[in-house]
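S.K.: Chain by chain, the residues:
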Amino acid sequence: MSDGSGPIRLRVVIADDAADFRFLLRMLLDGDDRFDVVGEAGNGQEAVTMSSEHQPHAVLLDLAMPVMDGLQAIPEIHRVAPETQIVVLSGFEEAQMGRRALSLKATAYIEKGQAHTVVADTLIDVCRSP
Amino acid sequence: LFGRTTAEVLGQQLTILMPDRYHTPHRTGFNRYLMTREERVIGKTVELAGRKKDGTEFPLELSLATWDVDGESFFTGIIRDVTERKEAEVFRRQLEVARLSQQQALELNDNVVQGLAAAKLALDIGQEERAASLVERTLSSARAIISGLLRDAEKEERLKPGDLVREKPASLDRTRT
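For the protein sequence lines, the chains are A and B, in the order given. Last residue of the first sequence: 422 in the numbering used here, with the numbers rising by one and none dropped. Last residue of the second sequence: 1353 in the numbering used here, with the numbers rising by one and none dropped.
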C-alpha cells in the first residue's frame, strides 16, 4: 500500500445513492492527484461488488442507501476485499452512528458537511496507517 | 383474579371488586335494569377496571348475562384479566410511534441533510451554480416533507391558531447537545 507521499495513487470507490453527491466527490478526488476514483456505487450491494472487482485502497461509504445499507455492506466489503479501508461518509451525526460503524470495523467516520479537505485527509490517513 | 378467597367474597356486595368510581353507576344501572329491563351492559362484553384486595386496579373484560326463574333474576358475569393484552396494545402503539419517527428521521436525512451537505461540498469546491441549485431543491423537498408532516394534523384540525408560536425565534445556530 502507498505511504501517501509516493507516486502511487490511492484507488477509491465512492458509494452513495445521491448522484449529486457522488458527482461532487468524484470532482473533488479527480482534482487531487493523490487519488484515482476506480468506481461509483449507488447502493451497498454495488459497493460490495466494486470492492471485490477493484480491491481499492479505500471505499467512501454512505450509510442510508437502497438495496443494502452501509452498515450491512461493511462486513461484506471486508469479506470480499480484506485490505480495503472503509471510510464512512454519512449525513448522520457521528455521535449516533459513528460507534456503530466503527464497531463493524469501518476505519473512519466522517459526517457529511465537514470541510471538503477532511475527506481527502482522512483517506490519506487511513491508507497510510498500518 | 382479585386477590381474595371465595370465602371472602361469598355473600358480599359486588362493589368490593370495583374501584370506588364504579359504585354509584353500578347501583344505578342495576336498579334501572330491574325497573325497566332495558339491557345496556347485559349481553355485551365491556372493558372495565377491577379492584384487587390490596386496592390496585387492573383492566378487565366483563360479559354479563341474566335469566329469570320463578320471578327471580339471576346474573352471571364472566371476567377476564386483560392486563397483558392492554400492555401489548400500549407497546404496539409505542412501536408504531417509534417506527414513524424513524421513517421521518430517515426522510429528513435523505432529503434535507444530504442536500445541504452536497450544497456545502459544491461551494467548497467552487461549484456555485450547482450549490445554488442544490439549495433550491433541498428547500422545496424540505417544504414538501413539512407539509406532509403537518397535513395529518390539519386534517384533524389539530393545528390551531397559536400552535405556530415558537418558544424561541427560529435559529440556525442550534448547537449540539
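There could be a bad hint or two in this list.
Which bits of chain A does chain B cover? Going by a derived footprint, with three or more residues having C-beta under 8 Å, they are [said to hold, decoys possible]:
#1 307-315
#2 333-347
#3 393-407
FRET-style restraints, in silico, Cβ to Cβ [as the list claims (entries may be wrong)]:
#4 A:P358 with B:D1196: 55 to 61 Å
#5 B:A1225 with A:D361: 54 to 60 Å
#6 B:F1267 with A:I300: 16 to 22 Å
#7 A:A387 with B:L1190: 25 to 31 Å
#8 B:F1267 with A:E385: 25 to 31 Å
#9 A:E345 with B:L1299: 29 to 35 Å
#10 B:K1262 with A:P358: 53 to 59 Å
#11 B:G1253 with A:D361: 49 to 55 Å
#12 A:Q388 with B:E1263: 27 to 33 Å
Quick look at which bits of chain B chain A covers, simulated, 3 or more residues with Cβ under 8 Å [unchecked claim]:
#13 1275-1286
#14 1294-1300
#15 1303-1313
Hints listed in this document are in silico derivations from the structure and should not be mistaken for laboratory results. Don't be surprised by glycine CBs; every beta carbon is placed ideally from N, CA and C.
S.K.: Take the hints in turn and mark each one as holding or not.
M.R.: Status of each hint after checking the structure:
Evaluation of the coverage hint for the segment 307-315 of chain A: fulfilled, as 3 residues show C-beta separations to chain B shorter than 8 Å, against a requirement of three. Coverage of a stretch by a chain is defined here by at least three residues with a beta carbon nearer than 8 Å to that chain's beta carbons; for the segment 333-347 of chain A and chain B the count is 0, and the condition is violated. Look at the segment 393-407 of chain A against chain B: 3 of its residues bring a Cβ nearer than 8 Å to a Cβ of that chain, three or more, so the hint holds. A hinted range of 55 to 61 Å for the beta carbons of A:P358 and B:D1196 is consistent with their spacing of about 58 Å.
At roughly 45 Å, the beta carbons of B:A1225 and A:D361 sit outside the given window of 54 to 60 Å. Roughly 56 Å separates the CB atoms of B:F1267 and A:I300, a value that falls outside the hinted 16 to 22 Å. Judged by the Cβ atoms, the range 25 to 31 Å given for A:A387 and B:L1190 is violated: they are separated by roughly 57 Å. Separated by about 28 Å at the C-beta atoms, B:F1267 and A:E385 satisfy the suggested range of 25 to 31 Å.
In this structure, A:E345 and B:L1299 meet the distance hint of 29 to 35 Å, their C-beta atoms being roughly 33 Å apart. Roughly 38 Å separates the CB atoms of B:K1262 and A:P358, a value that falls outside the hinted 53 to 59 Å. Our hint of 49 to 55 Å for B:G1253 and A:D361 holds, since their Cβ atoms are close to 53 Å apart. Against the hinted window of 27 to 33 Å, the Cβ-Cβ separation of A:Q388 and B:E1263 comes to about 29 Å, which satisfies the hint.
Taking a C-beta to C-beta cut-off of 8 Å, the segment 1275-1286 of chain B contributes 3 residues in contact with chain A, enough for the three needed, and the coverage statement holds. Residue count for the segment 1294-1300 of chain B with a Cβ under 8 Å from a Cβ of chain A: 5. That meets the three needed, and the coverage hint holds. Three residues within the 8 Å Cβ limit are the bar, and the segment 1303-1313 of chain B against chain A gives 3, so the coverage statement holds.
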